[in-house]
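Asks: Model the placement of chain B on the given structure of chain A, informed by the hints.
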Amino acid sequence: MSSVSSAAQSFRSSAHGSWDPERIRPDFPMLKRTVRGHPLVYLDNAATALKPQAVIDAVVEYYTHFSANVARGVHTTSQEATERYESVRVRAAGYLNVDSSEIVFTAGTTASLNLVASSFGSDALRPGDEILVSELEHHSNLVPWQLSAERTGALVRAIPMLDSGDLDLEWLERELSSRTKIVAVCHASNVLGTVVPIDRVSEMAHRVGAKVVVDGAQAAPHFSVDVRALDCDFYALSAHKLFGPTGLGVLFGKRALLERMSPWQGGGGMISSVEIARSSYAASPARFEAGTPAVAEVFGLGGALEYLATWDRLAATDHESALADAAIAGLESIPGVKVFGESASRVGVVAFALDGVHAHDVGTALDAGGVAVRAGHHCAQPLMRRLGVVATARASFAPYNTLRDVEALVAGVERARTLFGR
Amino acid sequence: MSELDELYQTLILEHNRSPRNFRSLASATGHAEGRNPLCGDSFEVWVTIDNDLVADVAFQGQGCAISKASASMMTTAIKGKTVAEARALFERFHEVVTGRAPAGEGQRKEARRTLGCLSAFAGVSAFPIRVKCATLAWHALMKAVEEGRGKQENDVVR
Numbered sequence: 001m002s003s004v005s006s007a008a009q010s011f012r013s014s015a016h017g018s019w020d021p022e023r024i025r026p027d028f029p030m031l032k033r034t035v036r037g038h039p040l041v042y043l044d045n046a047a048t049a050l051k052p053q054a055v056i057d058a059v060v061e062y063y064t065h066f067s068a069n070v071a072r073g074v075h076t077t078s079q080e081a082t083e084r085y086e087s088v089r090v091r092a093a094g095y096l097n098v099d100s101s102e103i104v105f106t107a108g109t110t111a112s113l114n115l116v117a118s119s120f121g122s123d124a125l126r127p128g129d130e131i132l133v134s135e136l137e138h139h140s141n142l143v144p145w146q147l148s149a150e151r152t153g154a155l156v157r158a159i160p161m162l163d164s165g166d167l168d169l170e171w172l173e174r175e176l177s178s179r180t181k182i183v184a185v186c187h188a189s190n191v192l193g194t195v196v197p198i199d200r201v202s203e204m205a206h207r208v209g210a211k212v213v214v215d216g217a218q219a220a221p222h223f224s225v226d227v228r229a230l231d232c233d234f235y236a237l238s239a240h241k242l243f244g245p246t247g248l249g250v251l252f253g254k255r256a257l258l259e260r261m262s263p264w265q266g267g268g269g270m271i272s273s274v275e276i277a278r279s280s281y282a283a284s285p286a287r288f289e290a291g292t293p294a295v296a297e298v299f300g301l302g303g304a305l306e307y308l309a310t311w312d313r314l315a316a317t318d319h320e321s322a323l324a325d326a327a328i329a330g331l332e333s334i335p336g337v338k339v340f341g342e343s344a345s346r347v348g349v350v351a352f353a354l355d356g357v358h359a360h361d362v363g364t365a366l367d368a369g370g371v372a373v374r375a376g377h378h379c380a381q382p383l384m385r386r387l388g389v390v391a392t393a394r395a396s397f398a399p400y401n402t403l404r405d406v407e408a409l410v411a412g413v414e415r416a417r418t419l420f421g422r
Numbered sequence: 001m002s003e004l005d006e007l008y009q010t011l012i013l014e015h016n017r018s019p020r021n022f023r024s025l026a027s028a029t030g031h032a033e034g035r036n037p038l039c040g041d042s043f044e045v046w047v048t049i050d051n052d053l054v055a056d057v058a059f060q061g062q063g064c065a066i067s068k069a070s071a072s073m074m075t076t077a078i079k080g081k082t083v084a085e086a087r088a089l090f091e092r093f094h095e096v097v098t099g100r101a102p103a104g105e106g107q108r109k110e111a112r113r114t115l116g117c118l119s120a121f122a123g124v125s126a127f128p129i130r131v132k133c134a135t136l137a138w139h140a141l142m143k144a145v146e147e148g149r150g151k152q153e154n155d156v157v158r
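Chains as they are written, first to last, in this note's numbering: chain A, 1 to 422; chain B, 1 to 158.
Just chain A, same shape as in the assembly:
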């Protein structure tokens, strides 16, 4: 068994059936299109996932039959829209194994993390307090904490990454202290695919009374997440990476924390009573949903979660890991290719570089053959510095990807090597 599939055992069981991507490919209209005369080979799933027809239909259904504002009207369509909107909150809560009162709809993972950093951060942080942020983080789970630290006088420190791509949990255990108020980590790295053992981080952080804020954007699309079992305090994810619509995020917060937190944005829908000089606020989650929410997108997320329930997630996760294995083997067989990260626990995200060739040139060479990958710093500049590179190419897999896609990727990188004479 390869390192990738054996590794993933920590968040998967091995008792499940096989997975046939051909069965679900017809569900995704984008997979029918061509790019520069080639069938689209979509390997940029970590940037955004393709949408099944069920999601597109759910969005259209809202605009066609339920186009009304939510939580405001006494008329029938508003009530119907509100019921459906709230039913998606219940479904999302069930998906993460938490209570629906703990689910806040936001504009995305970035908005969710900014909400926590602004509201909880400002409430909880005092000068000299510490925020521990991992070296693996996407800018969205780093910059909001820097802003929060500037406002409160707290300090941001980095939890180092080991050469394997795993977090240095021994460092974390050693450095956690009564000064530590927040530990902000990703569940899965958007560059290396490393899966961070959140349950262990929570256990360590809670011993010193620190709260754990998790960026789950790259984990939720790859395997089912039991937030209650992880015992983290906040968990953020984006609908669009979970095969749903853009512009919508889901934030979980432990009820006891959400209830005490100050509002983030003020406006309609988040108040209890308003006077000219002051207001009192609604209970959470409404307190954190100022303004008309992304109703159509919430309908779409409902469609995505309903659709995902038809998948054997364990088999799908295994399939992705097998594709990542094949991609790593294929890429490493090309002279001059380096694959980054060798964590024993990783999802189907593969970052690589071709010696002497810039990631953008690799990306363009692949694009010319219809293969879509990400090329750049992946909004993780501190991690790029740690890896000693300016940019990398990245292939990321979803359950609709096939071994043919992997072959197209490897052939494309081989072509790039020939073109640039390396």
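By construction, these hints were calculated from the structure, which means they are not laboratory data.
These numbers come from a predicted model, not from an experiment.
Treat the hints with care, as some may be off.
Among chain A residues calculated to face chain B with C-beta under 10 Å, some are [stated by the list, open to error]:
hint	residue
1	Arg36
2	Leu40
3	Leu172
4	Gly356
5	Val357
6	His358
7	Asp361
8	Ala375
9	Gln381
10	Arg415
11	Phe420
12	Gly421
Even for Gly, the Cβ is constructed at its ideal location relative to N, Cα and C.
Replies: Here is chain B on its own, set in the frame of chain A:
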């Protein structure tokens, strides 16, 4: 020729491998940095303007094949030209890489003649996301020229 071969012409690949004027310039009258926050690429450009002529120009930094070759070929193309000629060359170059070439056949011929080997970058127009790569060093050059001009004016005032 495929779109890819059109983009990465032999001349471009050659300049990427062995960039010309790839050094700093101690005597420069102007200096500026060009950054592409999208990919982290960055180049520094130095220019020496003497009597309104580009007497010397050099660059350093890192970036993709398109941005590096473009910077290299820019330095060879503008050395010895007047500032106005360099500016006009950038305008032609910009039209070609964005695919907004002049309409008439005569004008197109004229543009190709003005651009010389810089027409090798015409393939960029099929990959719009790469326009920024092709123009990164040019934008830095324009800033460096402005900076040099500002300095000179200050000297005159003093």
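Asks: May I ask you to test the interface hint for A:Asp361 with respect to chain B, counting a Cβ-Cβ separation under 10 Å as satisfied?
Replies: Holds - the Cβ of A:Asp361 comes within 10 Å of chain B, reaching about 5 Å at its closest.
Asks: Is the interface hint satisfied for A:Ala375? The criterion is a beta-carbon contact with chain B at less than 10 Å.
Replies: holds, 7 Å
Asks: Does the closest beta carbon of chain B sit nearer than 10 Å to the beta carbon of A:Gly421?
Replies: holds, 7 Å
Asks: Does the CB of A:His358 sit less than 10 Å away from some CB of chain B?
Replies: OK, holds: A:His358 within 10 Å of chain B, min 4 Å.
Asks: Double-check A:Arg415 for me: the hint is only fine if its C-beta lies closer than 10 Å to a C-beta in chain B.
Replies: OK, holds: A:Arg415 within 10 Å of chain B, min 8 Å.
Asks: Could you check if A:Leu40 really has its C-beta closer than 10 Å to a C-beta on chain B?
Replies: A:Leu40 check fails; min Cβ-Cβ to chain B is 16 Å, beyond 10 Å.
Asks: Under 10 Å, Cβ to Cβ, is where A:Phe420 needs to be relative to chain B, so tell me if that hint holds or is violated.
Replies: holds, 7 Å
Asks: For the restraint on A:Gly356, tell me whether the closest CB of chain B is nearer than 10 Å.
Replies: holds, 9 Å
Asks: Using the nearest Cβ pair, does A:Leu172 come within less than 10 Å of chain B?
Replies: Interface hint status for A:Leu172: violated (28 Å vs cutoff 10 Å).
Asks: Please check whether A:Val357 passes as an interface residue: C-beta within 10 Å of a C-beta belonging to chain B.
Replies: holds, 7 Å
Asks: Measuring from the C-beta of A:Arg36 to each C-beta in chain B, is the shortest one below 10 Å?
Replies: Constraint on A:Arg36 satisfied, holds at 6 Å.
Asks: Would the hint on A:Gln381 be counted as holding, given a Cβ-Cβ threshold of 10 Å to chain B?
Replies: Where the cut-off is 10 Å and the nearest Cβ of chain B is about 7 Å from A:Gln381, the hint holds.
The structure does not agree with the numbered hints 2, 3 stated previously, though it agrees with the rest.
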